[in-house]
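Student: Read off the chains here:
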Amino acid sequence: MNVIIRTAARVMFPLILLYGIYVVVHGHTTPGGTFSGGSIMAGAFVLFTLAYGIRKTETELKESIVEVLKSVAGFVLIMLILFEFFLRAALVPTESLFSLWSGSSLMFFNIVGGIMVFTGLLMVWYTVAKSDED
Amino acid sequence: MNQKVKLSIGLACIIIISGYMVFSVTSPGFNEWPGKEIASFFITEGWKELAATNTVTTIVWEFRGYDTLGEETILFTSAMGIFALGFGLFSVERISGMKQASGEAQEKPQEASK
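Respectively, the protein sequence lines represent chains A and B.
First residue of the first sequence: 1, per my numbering; consecutive thereafter.
First residue of the second sequence: 1, per my numbering; consecutive thereafter.
It is worth saying that the hints were derived from the structure and are not from the lab.
The beta carbon of each residue, even a glycine, is placed where N, CA and C say it ideally should be.
Please note that a few of the clues may not be correct.
Residues from chain B that keep clear of chain A, each with C-beta distances beyond 12 Å, as calculated [what the hints assert, rightly or not]:
{"id": "1", "residue": "3"}
{"id": "2", "residue": "9"}
{"id": "3", "residue": "16"}
{"id": "4", "residue": "17"}
{"id": "5", "residue": "18"}
{"id": "6", "residue": "25"}
{"id": "7", "residue": "26"}
{"id": "8", "residue": "29"}
{"id": "9", "residue": "30"}
{"id": "10", "residue": "35"}
{"id": "11", "residue": "36"}
{"id": "12", "residue": "40"}
{"id": "13", "residue": "43"}
{"id": "14", "residue": "50"}
{"id": "15", "residue": "53"}
If you want the footprint, here are the derived chain A segments under chain B, 3+ residues with CB under 8 Å [unchecked claim]:
{"id": "16", "segment": "6-16"}
{"id": "17", "segment": "98-110"}
{"id": "18", "segment": "120-128"}
Given only the sequences and the hints, what does the whole structure look like? Please build it.
Tutor: Listed below in C-alpha cells is the structure:
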C-alpha cells in the first residue's frame, strides 16, 4: 500500500485498539459490550494487515498466541457461567451507578467474551489473509 | 423468463408480505403476548440486580447467560471450521468424493475454486 495508508494505519492502530478495549471494559455502563468491542479490536488488526501485510502483523500478534488465547478464554467463560453464583456471592454489587466498578460480575463476562470475539474474528482473518498469500 | 413476468412476481411478493405484516401488527391481540410482565421487570427492576446501567448487557450476560454461552460456542465453532478449511485439515473435495473421479472431472472443480 502507499505511504498515506501506511502512515494513517500506523497512527490509528493503537487508537482503535484502545477504543475497542474501552468499549469492552465499559460494557455495563455505556452502550456496547463484547461483540461490538471485540469487532472494533479485530478491525484494528484488519486495517494493519491491509496496510503492512500479514507478515508484519504477525510480529505484533502471532497466530499461535491467538489460538491459545481463544481456547483459554472459552474455558474461562464456561467456568465463569457455571460458577457464576459463587462469583456473585463473593462480589458485592456497589450502589454507585455510572462508574466503572458498578456491575458486580458483568465486567469479567465482558472482558472474557470480548477476548473470545476478538480472537475468533482475528483467527478467521488470519486464515483468509494467509490463504491469499500462497 | 420474461422481464415483465419477473417484475410482476416480485411486486406480488412485496405486496403480499408487507400486507401480511401490516395485518399481523394491526390485528387485535398482537400486543398481548405471554411474558409481558417479565419485559417490564427487565426495564424497571433489571438494573437493580447487578447495579449496572446497561440493561442490554445485564440481560445478555445475566438473565440469559446460557444463551450467550451458546452464541460464543457458535462463534468458536465457525472460527475453528474456517481455520480447518484454510490449513487443509480436511478438504471439500475429499468429503464430496470429487477426487476419485479421474481425468477432466478432477481439474474442473479446482479451476472453479481458483
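Student: Work down the list of hints and note, for each, if the structure agrees.
Tutor: To see whether the hints hold, each was checked on the structure:
For residue 3 of chain B, the non-interface assignment is confirmed: its Cβ lies about 38 Å from the closest Cβ of chain A, beyond the 12 Å cut-off. With a least CB separation of 37 Å from chain A, residue 9 of chain B remains clear of the 12 Å interface cut-off, as annotated. Listed as a non-interface residue, residue 16 of chain B keeps its Cβ farther than 12 Å from every Cβ of chain A; the least gap is roughly 34 Å. Every Cβ of chain A is farther than 12 Å from the Cβ of residue 17 of chain B; the closest lies at roughly 29 Å, confirming the non-interface assignment.
For residue 18 of chain B, the non-interface assignment is confirmed: its Cβ lies about 30 Å from the closest Cβ of chain A, beyond the 12 Å cut-off. Non-interface call for residue 25 of chain B relative to chain A: holds, since the shortest CB-CB distance, roughly 27 Å, exceeds 12 Å. For residue 26 of chain B, the non-interface assignment is confirmed: its Cβ lies about 32 Å from the closest Cβ of chain A, beyond the 12 Å cut-off. The Cβ of residue 29 of chain B lies farther than 12 Å from every Cβ of chain A, with a closest approach of about 33 Å, so its non-interface assignment holds.
Every CB of chain A is more than 12 Å from the CB of residue 30 of chain B (nearest about 29 Å), matching its label as outside the interface. For residue 35 of chain B, the requirement that its beta carbon stay farther than 12 Å from each beta carbon of chain A is met, with the minimum near 23 Å. A cut-off of 12 Å between C-beta atoms confirms that residue 36 of chain B is not in contact with chain A; the least separation is 25 Å. Under the 12 Å C-beta cut-off, the non-interface status given to residue 40 of chain B relative to chain A holds; the minimum distance is some 20 Å.
Distance check for residue 43 of chain B against chain A: the nearest CB is about 16 Å away, which clears 12 Å, and the non-interface claim stands. At roughly 5 Å from the closest C-beta of chain A, the C-beta of residue 50 of chain B falls inside 12 Å, breaking its exclusion from the interface. Not every beta carbon of chain A lies more than 12 Å from that of residue 53 of chain B, the smallest distance being close to 5 Å; the non-interface claim is violated. Note: the segment 6-16 of chain A has 0 residues with beta-carbon separation from chain B under 8 Å; the three-residue rule is not met and the coverage is violated.
With a threshold of 8 Å between beta carbons, the proposed coverage of the segment 98-110 of chain A by chain B holds, since 8 of its residues qualify and at least three are required. For the segment 120-128 of chain A, the proposed coverage by chain B is satisfied: 6 residues have a C-beta within less than 8 Å of a C-beta in that chain, meeting the threshold of three.
In summary, the structure is inconsistent with hints 14, 15 and 16 from the numbered list given earlier, while agreeing with the others.
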